[in-house]
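Add chain X to chain B, keeping to what the hints say.
Those protein sequences? They're chains B and X, same order as listed. According to this note's numbering, the stretch in the first sequence is residues 26 to 372, in order. According to this note's numbering, the stretch in the second sequence is residues 26 to 372, in order.
I should point out that these hints are in silico values taken from the structure, not numbers from a laboratory. Honestly, I wouldn't trust all of these hints.
Copies of the same chain are indistinguishable here, so a pair counts whether it falls within one copy or spans any two.
As the list claims (entries may be wrong) - Think about it this way: if two alpha-carbon atoms lie no more than 27 Å apart in a straight line, the pair counts; the simulated DSSO-like pairs of lysine-lysine are:
1) Lys81 to Lys358
2) Lys312 to Lys83
3) Lys96 to Lys160
4) Lys160 to Lys76
5) Lys160 to Lys200
6) Lys222 to Lys244
7) Lys31 to Lys244
8) Lys222 to Lys358
9) Lys96 to Lys369
10) Lys137 to Lys76
11) Lys355 to Lys160
12) Lys369 to Lys337
13) Lys358 to Lys31
Just so you know, these numbers come straight off a predicted model, no measurement behind them.
2 protein chains.
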Amino acid sequence: MDIRDKRIAILSPVAWRTPPRAYGAWETVASNITEGLVARGWKNVTLFATKESITKAKLVGWIERGYEEDKTQIPLVSTCLHISRALERAGEFDLIHNNFDFLPLTYLPFIKTPMLTTIHGFSDPDILRVYRSHKDSYYASISDSDRDSELPYVATVYNGIDLSNLTFRATGGEKLVHYGRIHNDKGTHLSIELAKKAGMDLIIAGIIQDQNYFDTLVKPHINDSSIQYIGPVNPVQRDALLKEAYAVIHLNLIPERFGLVMAESMAAGVPVIAMDLGSCREVIVDKKTGYLVNNVDEAVEAVGKIDQIDRKDCRRHVEENFTIDCMVSKYEKVYEEIFRREAKEDK
Amino acid sequence: MDIRDKRIAILSPVAWRTPPRAYGAWETVASNITEGLVARGWKNVTLFATKESITKAKLVGWIERGYEEDKTQIPLVSTCLHISRALERAGEFDLIHNNFDFLPLTYLPFIKTPMLTTIHGFSDPDILRVYRSHKDSYYASISDSDRDSELPYVATVYNGIDLSNLTFRATGGEKLVHYGRIHNDKGTHLSIELAKKAGMDLIIAGIIQDQNYFDTLVKPHINDSSIQYIGPVNPVQRDALLKEAYAVIHLNLIPERFGLVMAESMAAGVPVIAMDLGSCREVIVDKKTGYLVNNVDEAVEAVGKIDQIDRKDCRRHVEENFTIDCMVSKYEKVYEEIFRREAKEDK
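Only chain B is shown next, with the shape it has when bound in the complex:
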């Protein structure tokens, strides 16, 4: 039997539409996997998502709109109804690929179909109690660094990004760029410190996730000339922003889980200066597509060496590792491995 005839259920969250209109990281990945499988010739793919979701696979859903888009819904009510009804149909599938956190795992004792859970993040260490209760299930991590030591992962599968609206430019701009959530974890204030020390202009973009942090450590430095804040950017605005970029600064203060910003920057040919924490060293090739640093002073030094980076290497690194097709092709291998293990068990 051709593996692509296998019946796959992709379980997406119901916080947002799949794919989301704007925000919705997990729904984005679930959509990319679903559409990617269809594009690669999988014939029996079912997406469990909100009813208004859009897919070339078969769509099944019960929740009209995402609970983040319709605040009359209690999130847990929509969540548990969605999961329960999807898993009630488990017997119709050869594999369930769960992209919706820990709650689906608690239905595992009642179903026979194997489940692969991509752990998109640990919102709190306590959710490990659920994963560790189901060590006989299958897990994928989104980077080697974002793993729990006790869980038996099948593989790491990096998130794939959509390369449209990420124009490669062989020549860089003249400014430093910091984009993503404005939060202490992302070290926005360190980007400002770096820009001042390096004597370069800085553009900051992204949603303000911690208003107090923004007000005290970011806003006082904004002067609309050397330090600018332009708010959140959509993909088209992001592309224009990256055109300005000499380098993207990513001085995160906590371990990065994957680092979408880094992959997007490199896709546009922009080298990244990143703190050597978490997945950064998996996403960046040090000295080839950017620089890994340990503090602001090392980052200043790295700015001085940006012209040693060939921007074509940045783009190529993304094309070879972080496209949607890379991600889906890796998931195909993971599915294959799961089918192999299940067949063995059946004997």
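Using the frame of chain B, we list chain X on its own:
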């Protein structure tokens, strides 16, 4: 087969110990049902609760302490692990009596054992989506008034109260008493208005659930003589408080679901003046154990007629309807009805 040989699982919440040390309304009911069944000769009762819970039945649990008593726990993590593991053992029971809200219902498609859910309250109208998705399950309401019109209830089973620490006194005190949560829903400010209009002293007791409400509508009237606030009361303090009571005032502004305060007051022989909303007319016998009113002026009138109430009637009404034994004996009939219906279906 003696019905009392049937294997019953009582599913208690894991927010608090069962029974709770202080707060924990649902855990209190779950404990009262469990211990009541054992006391009435049921031989195979299993209580699913926190591991430190106390019962004469068989205790099964996985969560060490209640998540309200150990804030390192994510409530949903403990909740879904507790429910999933309990229901994994569904096959060992003839009936599961769920006292833990809507989430257990979403595991119903995967188990064969019938489940009775006592709906202790609708925290939000949206949770009805889950109940209405499982209309083939069994429901008990805690009053005839607290029902959803679409659900097929088996019966109303009133909460039973523990009569220890509720001393009957044939002669009343001289003050009006208002106790319970201090919140607009409970009409604490109306008790104050009533006391002033009736020219009587008022003692207010209970936790402040809405500080702003307390500060603006209650606190300005407290003078430590005619209007006193004494904070929350434990059962021993409650008994002393009810000794002072000429009548208990319960001018709730939203429909009462059941009304523990009314049952406790009557148990001590204290008549209750209550707003005619929700379950109040099910708990009070108008003109015999208290008065149902529609506004403060009617309540003033009722105060003038309190001496027409025989306090022994109040106590008797509780003994005949709202004891733990009444509740458990009613649940026995509900269980019997469920077994009868299930046996019919099996044919």
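**Prompt:** Which earlier hints turn out false for this structure, listed by number in ascending order?
**Reply:** 2, 5, 7, 8, 9 and 12
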